[in-house]
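J.: Start from the sequences, fold in the hints, and give me the full structure.
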Amino acid sequence: MIDDVAKLLSKWLSGQRSNKLMSTVVEAMTEARQKVRASDSPFKSLARKCIDRAEDAYQEAIYQLKDGEPKLCFQHCKQGLKYISMAMLHLSDLNGNATTFAIEQGGADESIIDLSKAIAAFKTSVEYTNCEVTVEMKERLKESVRLFFLAVSFVEREDDNEAKRCAHGGLLYVYLLSKESEEKLQSNAVDAEALERCHGSAISRIVSLIDELSDTNSTLQEASVESHGRIKLYLDAARRTVDRCISAYLDNESDALSQLAKAGMMELRMARRLIEYAKYPTSTAEPEEEPIEEVDQPTDNFRGRVARLQRLLRDEDEEVAVVRRLGVVNTYYSRARALFASGELSEAERYARSAHLDIDFARQLLLDKHATYSDLI
Amino acid sequence: MPTNKPSLKGKLPTELKVMERLALVEQFLAKLKVDFEAAGFRRNRLVNDGIADGLNLVSNAVELLAEESYEDADRICRVAWIRAHFARAIFDAEMTEHFLGEGVFLELDDGGTTDWRTFASEELAELQEEIVNLRKQIKDRSAKRGKK
Numbered sequence: 001m002i003d004d005v006a007k008l009l010s011k012w013l014s015g016q017r018s019n020k021l022m023s024t025v026v027e028a029m030t031e032a033r034q035k036v037r038a039s040d041s042p043f044k045s046l047a048r049k050c051i052d053r054a055e056d057a058y059q060e061a062i063y064q065l066k067d068g069e070p071k072l073c074f075q076h077c078k079q080g081l082k083y084i085s086m087a088m089l090h091l092s093d094l095n096g097n098a099t100t101f102a103i104e105q106g107g108a109d110e111s112i113i114d115l116s117k118a119i120a121a122f123k124t125s126v127e128y129t130n131c132e133v134t135v136e137m138k139e140r141l142k143e144s145v146r147l148f149f150l151a152v153s154f155v156e157r158e159d160d161n162e163a164k165r166c167a168h169g170g171l172l173y174v175y176l177l178s179k180e181s182e183e184k185l186q187s188n189a190v191d192a193e194a195l196e197r198c199h200g201s202a203i204s205r206i207v208s209l210i211d212e213l214s215d216t217n218s219t220l221q222e223a224s225v226e227s228h229g230r231i232k233l234y235l236d237a238a239r240r241t242v243d244r245c246i247s248a249y250l251d252n253e254s255d256a257l258s259q260l261a262k263a264g265m266m267e268l269r270m271a272r273r274l275i276e277y278a279k280y281p282t283s284t285a286e287p288e289e290e291p292i293e294e295v296d297q298p299t300d301n302f303r304g305r306v307a308r309l310q311r312l313l314r315d316e317d318e319e320v321a322v323v324r325r326l327g328v329v330n331t332y333y334s335r336a337r338a339l340f341a342s343g344e345l346s347e348a349e350r351y352a353r354s355a356h357l358d359i360d361f362a363r364q365l366l367l368d369k370h371a372t373y374s375d376l377i
Numbered sequence: 378m379p380t381n382k383p384s385l386k387g388k389l390p391t392e393l394k395v396m397e398r399l400a401l402v403e404q405f406l407a408k409l410k411v412d413f414e415a416a417g418f419r420r421n422r423l424v425n426d427g428i429a430d431g432l433n434l435v436s437n438a439v440e441l442l443a444e445e446s447y448e449d450a451d452r453i454c455r456v457a458w459i460r461a462h463f464a465r466a467i468f469d470a471e472m473t474e475h476f477l478g479e480g481v482f483l484e485l486d487d488g489g490t491t492d493w494r495t496f497a498s499e500e501l502a503e504l505q506e507e508i509v510n511l512r513k514q515i516k517d518r519s520a521k522r523g524k525k
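Chains as they are written, first to last, in our numbering: chain V, 1 to 377; chain A, 378 to 525.
Worth flagging that the hints you see were computed from the coordinates, not collected in a lab.
Here the structure is a predicted model, which is why all the values come from computation and not from measurement.
Quick reminder that beta carbons are idealized off the backbone N, C-alpha and C, glycines included.
Among the clues, some could well be false.
In the BS3-like style, the derived pairs of lysine-lysine whose C-alpha atoms are separated by at most 30 Å in a straight line are [what the hints assert, rightly or not]:
#, chain 1, residue 1, chain 2, residue 2
1, V, Lys49, A, Lys408
2, V, Lys44, A, Lys410
3, A, Lys408, A, Lys394
4, V, Lys49, V, Lys35
5, V, Lys35, A, Lys408
6, A, Lys408, V, Lys78
7, A, Lys394, V, Lys44
8, A, Lys408, V, Lys117
Residues from chain V shown here face chain A by an in silico Cβ test under 10 Å; the list is partial [stated by the list, open to error]:
#, residue
9, Ala28
10, Met29
11, Pro42
12, Gln79
13, Ala102
14, Lys123
15, Ala151
16, Ser153
17, Ser247
18, Asp300
19, Phe302
From chain V, some residues computed to sit far from chain A (all C-beta separations above 12 Å) [stated by the list, open to error]:
#, residue
20, Lys66
21, Asp251
22, Arg324
T.: If you want it as structure tokens, here you go:
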């Protein structure tokens with residue numbers, strides 16, 4: 001009995017509070033409309049929109065009160081008042097500084113903004129110089145845009161550290177792109193200051209590797225054309241290593257990154273020795289070639305796309321089973337291509353079919369949450 | 378281009394501060410929207426989505442302010458600013474191309490982040506197509522070998 005009375009009393013008090021607040025909203029809206037009429041602010045229309053939204057919130061408050069929900073009514077009234085405050089801000093002196101927005105120095109926001117500027121600068125340079133963008137370059141640029149959006153989503157999820165990591169990863173991709181086409185673009189899209197802001201030895205190592213790659217690439221012309229094929233093998237390997245370094249950085253695998261960076265430097269050292277030998281073949285002994293992993297281009301592209309997809313799924317906390325299945329697809333596809341190249345056709349078909357079955361399985365898992373091996377493949 | 382003013386680290390956002398920041402973002406987006414609509418030469422999806430999402434985020438932040446969740450509102454406001462900044466940067470880059478008169482744009486998208494499931498499914502379909510192509514190549518070569 002006492003509880004019931006207490007509840008009724010609380011509801012009545014709440015209703016009284018809401019009624020009072022509703023009157024305040026009406027008064028504030030009337031006053032705000034008058035101010036809009038008298039104002040010469042360039043953001044008058046925005047202020048008007050805010051007042052409209054305040055009115056919507058007020059209408060909602062009335063419905064809630066009628067439905068016997070004074071608490072919700074109160075909430076909508078408060079929302080209405082916030083919109084009116086926003087309207088007043090649009091009419092105030094604030095509009096003189098509409099392009100300054102305070103962001104934390106060294107924080108995730110700054111890194112993401114740096115990435116956003118780099119992407120736009122690269123796009124502008126490409127469009128300004130009409131530089132040809134290869135499919136591979138486009139893929140890298142797309143990856144950096146994807147990392148931008150991923151970083152933003154990490155800010156939303158209150159994970160600023162991951163947001164920063166993604167932003168730095170994206171920045172490294174744009175830096176690599178810019179370095180690769182620096183001659184044509186006549187500038188680097190990544191601000192030197194932005195790179196300096198990315199503290200940490202991991203990033204420094206990748207940046208050094210990219211710089212070395214770019215320098216070595218630029219000296220390739222000094223070598224005789226006949227030697228280019230041999231040298232390019234090492235340059236391409238180093239390029240792939242840079243990609244893998246950035247992936248390792250994004251996956252927070254510091255040991256792998258350090259090993260890869262070392263391997264990349266060795267590949268570039270070999271390329272430089274070959275260039276040197278090609279320039280002066282009689283003055284030095286022919287360098288003994290270090291073993292290098294030969295990579296089939298379609299396999300490499302396929303593996304790169306699968307790796308990106310796996311990262312996307314991991315970032316979205318998607319089922320581990322799909323990610324794992326894609327790893328298997330990668331192995332089978334690479335094996336099938338290698339066997340196809342060596343002419344072992346029936347084995348190649350066996351592996352290709354396995355890859356086909358598993359990718360179909362992964363698709364089903366992703367879309368339907370359950371999967372079976374198809375009889376039709 | 379917009380500028381970013383450094384802020385003091387670790388300070389808790391007050392209601393007024395968040396509201397001022399929200400008003401700035403809303404004004405920035407309003408200017409961008411006017412420019413984007415006036416340009417009229419083409420509608421870049423990243424810019425279009427950036428404006429729409431930015432404005433929605435501002436509304437969400439106002440709702441959070443009404444619930445007195447100032448930190449959450451401030452975080453959403455930061456996201457709105459980043460999205461707005463990117464949309465403006467992309468729009469300016471496209472304007473450069475438009476003024477140059479070439480009309481060949483370097484197309485960018487969000488790489489499936491906002492609709493990642495569709496993107497992942499399309500990507501899987503394309504990869505599957507590559508496997509099908511490889512199987513076809515193997516089959517063709519096997520057939521040739523059989524004829525010999």
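J.: Against this structure, judge whether each hint is valid.
T.: Now for the hints, and whether the structure bears them out:
no., hint, result
1, V:Lys49 to A:Lys408, "15 Å, holds"
2, V:Lys44 to A:Lys410, "15 Å, holds"
3, A:Lys408 to A:Lys394, "21 Å, holds"
4, V:Lys49 to V:Lys35, "14 Å, holds"
5, V:Lys35 to A:Lys408, "22 Å, holds"
6, A:Lys408 to V:Lys78, "28 Å, holds"
7, A:Lys394 to V:Lys44, "21 Å, holds"
8, A:Lys408 to V:Lys117, "19 Å, holds"
9, Ala28, "14 Å, violated"
10, Met29, "15 Å, violated"
11, Pro42, "9 Å, holds"
12, Gln79, "4 Å, holds"
13, Ala102, "4 Å, holds"
14, Lys123, "4 Å, holds"
15, Ala151, "8 Å, holds"
16, Ser153, "6 Å, holds"
17, Ser247, "15 Å, violated"
18, Asp300, "12 Å, violated"
19, Phe302, "6 Å, holds"
20, Lys66, "20 Å, holds"
21, Asp251, "17 Å, holds"
22, Arg324, "14 Å, holds"
Hints 9, 10, 17 and 18 from the list above are not met by this structure, while the remaining hints are.
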